[in-house]
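Protein chains: 6
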Amino acid sequence: MDDLEEFARYRKRMNERLLSVDNLGIKRFCALDSRAYEKGALDVGTKELLGLVASTFLRCNDCIAHHVIRCVQEGVSEAEFFEALNVALVVGGSITIPHLRRAAEVFDQCKATGRPTH
Amino acid sequence: MDDLEEFARYRKRMNERLLSVDNLGIKRFCALDSRAYEKGALDVGTKELLGLVASTFLRCNDCIAHHVIRCVQEGVSEAEFFEALNVALVVGGSITIPHLRRAAEVFDQCKATGRPTH
Amino acid sequence: MDDLEEFARYRKRMNERLLSVDNLGIKRFCALDSRAYEKGALDVGTKELLGLVASTFLRCNDCIAHHVIRCVQEGVSEAEFFEALNVALVVGGSITIPHLRRAAEVFDQCKATGRPTH
Amino acid sequence: MDDLEEFARYRKRMNERLLSVDNLGIKRFCALDSRAYEKGALDVGTKELLGLVASTFLRCNDCIAHHVIRCVQEGVSEAEFFEALNVALVVGGSITIPHLRRAAEVFDQCKATGRPTH
Amino acid sequence: MDDLEEFARYRKRMNERLLSVDNLGIKRFCALDSRAYEKGALDVGTKELLGLVASTFLRCNDCIAHHVIRCVQEGVSEAEFFEALNVALVVGGSITIPHLRRAAEVFDQCKATGRPTH
Amino acid sequence: MDDLEEFARYRKRMNERLLSVDNLGIKRFCALDSRAYEKGALDVGTKELLGLVASTFLRCNDCIAHHVIRCVQEGVSEAEFFEALNVALVVGGSITIPHLRRAAEVFDQCKATGRPTH
Chain A
1 MDDLEEFARY
11 RKRMNERLLS
21 VDNLGIKRFC
31 ALDSRAYEKG
41 ALDVGTKELL
51 GLVASTFLRC
61 NDCIAHHVIR
71 CVQEGVSEAE
81 FFEALNVALV
91 VGGSITIPHL
101 RRAAEVFDQC
111 KATGRPTH
Chain B
1 MDDLEEFARY
11 RKRMNERLLS
21 VDNLGIKRFC
31 ALDSRAYEKG
41 ALDVGTKELL
51 GLVASTFLRC
61 NDCIAHHVIR
71 CVQEGVSEAE
81 FFEALNVALV
91 VGGSITIPHL
101 RRAAEVFDQC
111 KATGRPTH
Chain C
1 MDDLEEFARY
11 RKRMNERLLS
21 VDNLGIKRFC
31 ALDSRAYEKG
41 ALDVGTKELL
51 GLVASTFLRC
61 NDCIAHHVIR
71 CVQEGVSEAE
81 FFEALNVALV
91 VGGSITIPHL
101 RRAAEVFDQC
111 KATGRPTH
Chain D
1 MDDLEEFARY
11 RKRMNERLLS
21 VDNLGIKRFC
31 ALDSRAYEKG
41 ALDVGTKELL
51 GLVASTFLRC
61 NDCIAHHVIR
71 CVQEGVSEAE
81 FFEALNVALV
91 VGGSITIPHL
101 RRAAEVFDQC
111 KATGRPTH
Chain E
1 MDDLEEFARY
11 RKRMNERLLS
21 VDNLGIKRFC
31 ALDSRAYEKG
41 ALDVGTKELL
51 GLVASTFLRC
61 NDCIAHHVIR
71 CVQEGVSEAE
81 FFEALNVALV
91 VGGSITIPHL
101 RRAAEVFDQC
111 KATGRPTH
Chain F
1 MDDLEEFARY
11 RKRMNERLLS
21 VDNLGIKRFC
31 ALDSRAYEKG
41 ALDVGTKELL
51 GLVASTFLRC
61 NDCIAHHVIR
71 CVQEGVSEAE
81 FFEALNVALV
91 VGGSITIPHL
101 RRAAEVFDQC
111 KATGRPTH
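Residue numbers (the numbering used here), protein chains in the order written: chain A, 1 to 118; chain B, 1 to 118; chain C, 1 to 118; chain D, 1 to 118; chain E, 1 to 118; chain F, 1 to 118.
Please note that the accuracy of each hint is not assured.
Chain copies aren't distinguished; within one or between two, either way the pair holds.
Stated by the list, open to error - Here are the simulated DSS-like cross-link-like pairs (lysine-lysine), alpha carbons at most 30 Å apart as the crow flies:
(1) Lys-111 - Lys-27
(2) Lys-12 - Lys-111
(3) Lys-39 - Lys-27
(4) Lys-39 - Lys-111
Because the hints were derived from the structure by calculation, they are not lab data.
When you get a sec, could you build the whole thing from the sequences and use the hints?
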């Protein structure tokens, strides 16, 4: 899971850089972003699946890696995981297939190493 | 709910036109599209929320109207509905706001006239 | 074919407005845009199908109407037309379906009224 | 300027609907959105041009109408306005042309009726 | 052509992983995707050019590599290849230029090593 | 700043390849692209910020690196730089965050090595 850990370190370092900027808008946006995935009327796993499908449509591999890790942490099953990706595939088309490959790869890496805890 | 009914009629008429084309690929795709939202490991309401969030990111008002109607039919609550839209808003940015307005409008129209059954 | 004619008039009037602006970049871009569809190693019909598929992915109904009219003028057959749209559908996903409906509608309007000549 | 006024009324009514939802994330996002265009190191006109170019890339006519009105209110000149749109055109391609037509139309409507004040 | 071969291996391995999932929708979608490029009213080369232009608009380098390889296999000429990319460039704007660079690079790699046969 | 220099070399080499193609449309587009950022009613720094925001919405890291380098060359301040990125973030949503990380990284690299002059 080396590249996931390297990605997590880079992500953490650069997020801290962004939050060090004297710009209240950026700080507040990042706070909003975290809060959108907290438990409410919908549970956290469902929200992470929404985030995963969103990232797949918008075709952002960094975001996909993040949401796959979070889905695994929340105990999303393989069947649920791929049903959500199937919605993404049908709505977003074959252009999403490279991102399904990436999502499956990260999912398998997380499973192979136990649930990630960072 | 006049414009929703007009939209539903236009949608039905043109879908039949598409399915009348001698093109197996288009026919099969439409079948796949319907099946992606059927009950599986995830329930239908969750899948419709995935479809709603997808349509909001991809900024397609026709698709939004369709998934809002389906969400209401599946008994998605107002709190669940807007939490899903909040994920769409945070991930997709203010560019999605015109589509949140449209989604809220259709949601209110459905509620005002009872659950749509078509 | 009233709405197509109204669209054509609006398009013509506003294009003239854009070209009246004292901005060389905009003028040159519009010239490049026209030239991209002229006959070269690829014939005009093929280029219009490329433009149609592009407009469908990018989900622009005005551009779709324009390229459908041009395809009909160039003698693209119904089978060729829907095969190109099927590529668009598979690559772009169900989000393109509302635009396939629109493309089919304009195609039928053009056929019903004879080949458009404007 | 009737359709702009109708759009403004619809926009206001539905924004109030969105803010009436018991969802803190949506409320905070809308506040962030307004604040992003306030004067800072960059002046308001420049920020509105950034918003206009963004809306043109992302191809949202409602957002374009909003930012054109704001640009005119901030005294952006015709030359500045179309230079910004030329950047949008070159970066975003001919797919943005329908939106340049709309932007020019709203710009002319604003100029014809004096600076909008709402 | 080392990186193309590595990409082909990764693509093959992960496609097999996706097809191993117990999800009928994903399996059927992948079958539809292959069939969309088979000979019909349009020849295979034209369909691959449609796929190439689509991939360039949607800015997916993996898909671009795949369709460039297929175009070369189908005997698409350099003039046809770049005319199709010019349509993509004009419709999609300068944002597609990094992908034209990638397409040209893969095209040259294919030519330098003879037509790829895998 | 090694990877930026490698990127600049690759970019230069492949741009020359594209311009070597016997295709007038591609040559003219590249000329238009350069000219869109020249001083006019708007100054060069403002135009580069427009290009940066565009690249961030459209999520193209190569284009972001190019415009960040140009912004630093034009003397854009850190406050102006992040205010423009904040507009991009609010309009484009959290999907732009990976690109804000990249923009900040390139900005810091440019500052650390003095203003780039190539």
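The hints, checked one at a time:
no.	hint	verdict
1	Lys-111 - Lys-27	between (33 Å within a copy, 22 Å between copies)
2	Lys-12 - Lys-111	both (22 Å within a copy, 21 Å between copies)
3	Lys-39 - Lys-27	both (21 Å within a copy, 18 Å between copies)
4	Lys-39 - Lys-111	both (24 Å within a copy, 25 Å between copies)
Checked against the numbered hints given earlier, the structure satisfies every one of them.
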